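*Asks:* Below, each chain spelled out in residue letters.
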Amino acid sequence: MKIALTISLFLLAGNLFAQPERVAQLRGVPHVKGDIALLGQAFAATPKPRLSEQFSLSRENPNELQTVLSGLFLVYKSFFSSQDNQRCSFHPSCSEFGLEAVKKLGVVRGIICTCDRLTRCNGFSPRQYEIDLEKRVLKDPVGW
Amino acid sequence: MTQRLLFFLCWISAVSFLPAQTADETLLFAREQLAAGNKPLALKTYQRVLFFSGDQYRDECQRQLAALYADQGDFEKSAFYCDLLYQSADTDSLRYEALFSKTGMLMLQNQYKKALLELFSLPNNLPEPWMSRKRLYLGAAHFGIREFDLARADLLPLFAASDVQGRAEFERLMREAKRISRKSPKIARVLSMVLPGAGQFYAGDIKNGLNSLLLNALLGYWFVATGISYTFVDAAATVTPWLFRYYGGGIRRAGEILEKKKEQRLRKVFREVLIKIER
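Chains as they are written, first to last, in our numbering: chain A, 1 to 144; chain B, 1 to 279.
Hints were generated in silico from the structure; no laboratory data involved.
A few chain A residues facing chain B, derived, Cβ under 10 Å:
hint	residue
1	K33
2	I36
3	L38
4	L39
5	Q41
6	A42
7	A44
8	S78
9	F79
10	F80
11	S82
12	D84
13	N85
14	Q86
Small disclaimer: the values here were computed from a predicted structure and weren't measured. Every residue, glycine too, gets a C-beta built ideally from N, C-alpha and C.
Please work from the sequences and hints to get the whole structure.
*Replies:* Printed below as a string of structure tokens:
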């Protein structure tokens, strides 16, 4: 009887002491390791996406001509556009527009649309376009 | 019409007797969804509990909502719920916890100055381990705003006095951070002005440096070749706009690249500092 009583009291005491611990866990005990993980995330390296991933449109090419055009687009983006001082006043930019137009409208209509866009990319008539407030450029999607 | 009225009256009287889901049941459901990994539904349900239950489950709901929004990558909303938790917390430990979480969320948004402001609201005589946590966050925020001496003063006490090697490594990393931050974008731009690509090389970006050098060399060759074949007036009319476009672009980019590279290297240094502290 005494042994049973002692064990019961022992278990009860264990439970009493365990309760604040559980509450502490619920409310978040100080954990420096968790802080280090969080700060590691805050100071994580920003991943630089590959150009072909950035412009996924250049990846799905149903024919050889579009593969060549996509390749030219990526070469332009990598070696020329990356060194350019000027920025296109539209979104999508003229090169992206060209690729998208050829993909969506076909080669002939796509090239006509791109030529039309290139003549309009001069910043002289911003009032005719809606403004993309996030990117601070004029909206001009592909359309025929 | 009478039938419709009767149906409406029956429906109203039946609805008023139907038992609604209580806050306890909804909270239980939210916990179940969280345990099952259905986080979007858990988030919505916790919001419902917070709205309808008043102060009853406030702390748990706010804490879980902050964690769920952080998990979704919405650090702004997470910081908002941390702030609510901070304001409504009834114990100091919960208040500190909320403040540290909010500070972490602000740092995830690169808002180091705001994080510092939050940390300054903590008392200076915190018990351990809260004081260590405060030092860690202060050090991170000071490092974020490139105040390396202050960051060093905050973080050095986190190393045990007997850990001579750890302290020496930490000091070396802080010197490295200072050395990285000394590189000036102005120098990079001037170097690119003198020789295209030189600023990019100075920043440590070999690929872009070579690209700029090659492109400008080609345009320079085109200019000279056109000048010799025709006249230099023709060369100036045809090539100069291109040359200035890419030459000017190279100068501007050199400064931008240096800033980005500095940021990346400093982040790497701080991650190494964190590894040393963790050890």
